[in-house]
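Okay, so the sequence shown: first residue is 415 according to the numbering used here, each after it adds one.
Treat each hint with caution, since some may be false.
With a cut-off of at most 30 Å between alpha-carbon atoms, the simulated DSS-like pairs for lysine-lysine come out as follows [stated by the list, open to error]: (1) K793 / K767; (2) K560 / K702; (3) K633 / K674; (4) K459 / K585.
Just so you know, these hints were derived from the structure itself, not from any lab.
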Amino acid sequence: MLQLPFTKTNSTSLVEKFLPYITMVEETTDVAVKAEDPKAIEGLKERLEFFFSDANIRQDVFIRKLLMNSDEKSVGVDVLLRFNTIKKFSDESSVLIQAAKELKDSLVVDEEKMTITRVTPFTIDMMNQNIPKSLLVKNLPINESKQYDVKVDELRELFENYGKVALVKLKFSSPPFSGKEDYYGPSKKRRNFPSGSANIEFHTQEDLEKAAEATLTTKGGETVEPKDKIELGATETRKSATELGVMLLSEFVASCKDKKEKRGDKKRSKPHPEADEIPKFTFDWKPKCVIKVKGLPEGCDREAMLSAIGKGLDVSAEEVMDRKIYVDYSRGQKDGAIRFPEPSDSVEELAKKLKAGDLKILDAAVEDAAILEGDEEKKYWEDFIEFKNKQAIQRAEEKKNRGGKNKRHKFGR
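Produce the entire structure from the sequences given, and follow the hints as far as they go.
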């Protein structure tokens with residue numbers, strides 16, 4: 415697994431960067447923990463154990479950066495109280511601190527600084543330690559809306575029979591290549607299409623081995639008959655039962671590495687394509703899908719705009735990206751655009767809220783927001799298609815010359 419180098423930063427800047435993705439709540443006055451709060455304490459302990467676990471930190475960039483890169487090497491109590499699954503049990507810092515204190519073998523509480531950290535620091539060397547303790551499960555059902563038709567808890571329950579499951583992670587990949595739309599660039603970076611598989615990570619190697627012995631359907635590259643067939647039963651949406659494929663994640667990772675090396679050898683043996691061989695980018699755009707936003711506040715960036723879009727549509731920033739709503743904006747500009755994949759009521763709803771000042775970006779109202787129409791809309795899409803074609807040629811030349819870095823442009827995704 416390729417790991418990017420971490421950059422030294424402080425906890426304040428990290429929180430400011432990531433908080434748009436976390437639902438905000440009003441501050442509340444702390445009160446003493448009451449004796450009748452045992453259920454809240456137990457619920458919070460379970461949540462804290464999960465948030466600070468190796469399994470979660472590997473896939474939670476926000477928590478990982480606070481624990482590894484911030485000055486305090488810890489997570490603020492106020493930050494944790496913004497998490498929805500924490501708020502479900504309590505929004506009082508005193509209750510959360512009490513729960514953390516009861517996990518003294520794994521967590522350290524600093525009541526003066528109001529922070530929580532791990533007894534055992536998380537290090538970069540731990541990033542791949544999940545692989546030897548994980549299974550890869552395949553053939554998960556996907557519904558007609560291209561969403562998983564299975565819940566994480568269903569998978570957890572199936573494999574808890576063999577040991578304590580640390581994490582169930584549904585896997586996503588790039589959408590299938592259509593041969594026309596998004597030929598270059600953005601589609602290769604999107605990871606919002608269900609791949610029909612999931613990683614099941616166990617707490618211990620022993621639990622993994624017990625599960626593998628009973629459930630593997632692929633071993634050493636060969637199909638084998640499992641002792642226990644893992645099956646998802648039929649439901650209202652799943653019309654029939656589904657038998658799942660199971661293999662060791664370590665075997666899958668090794669096979670992917672081998673295939674990549676073989677592709678690299680084959681690729682190096684072929685000449686680089688010339689620019690005139692690059693297929694021309696075309697795009698069948700639809701009207702009334704783009705909102706032009708004018709007078710953006712100082713310090714605005716794509717993340718801030720995505721956060722505002724989420725608030726306007728009452729969804730999370732991740733759901734905004736899953737809906738393929740993109741922001742065309744370069745830092746420092748006063749104007750930008752919000753691009754929807756299809757015309758819908760959401761486009762008009764968002765434009766009205768921005769224009770009226772009901773929806774703000776970085777706590778500031780924009781000067782104007784309007785859905786593009788006519789010549790202005792046509793010019794936007796002509797510029798977009800021209801940019802894509804120039805980008806394709808530039809990337810082909812950089813690849814040919816084995817040099818140069820991709821530049822970020824206003825069209826973003």
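(request) Against the structure, test the hints numbered earlier, and report the numbers of the ones violated in rising order. (result) Nothing - there is no hint that the structure violates, so all of them hold.
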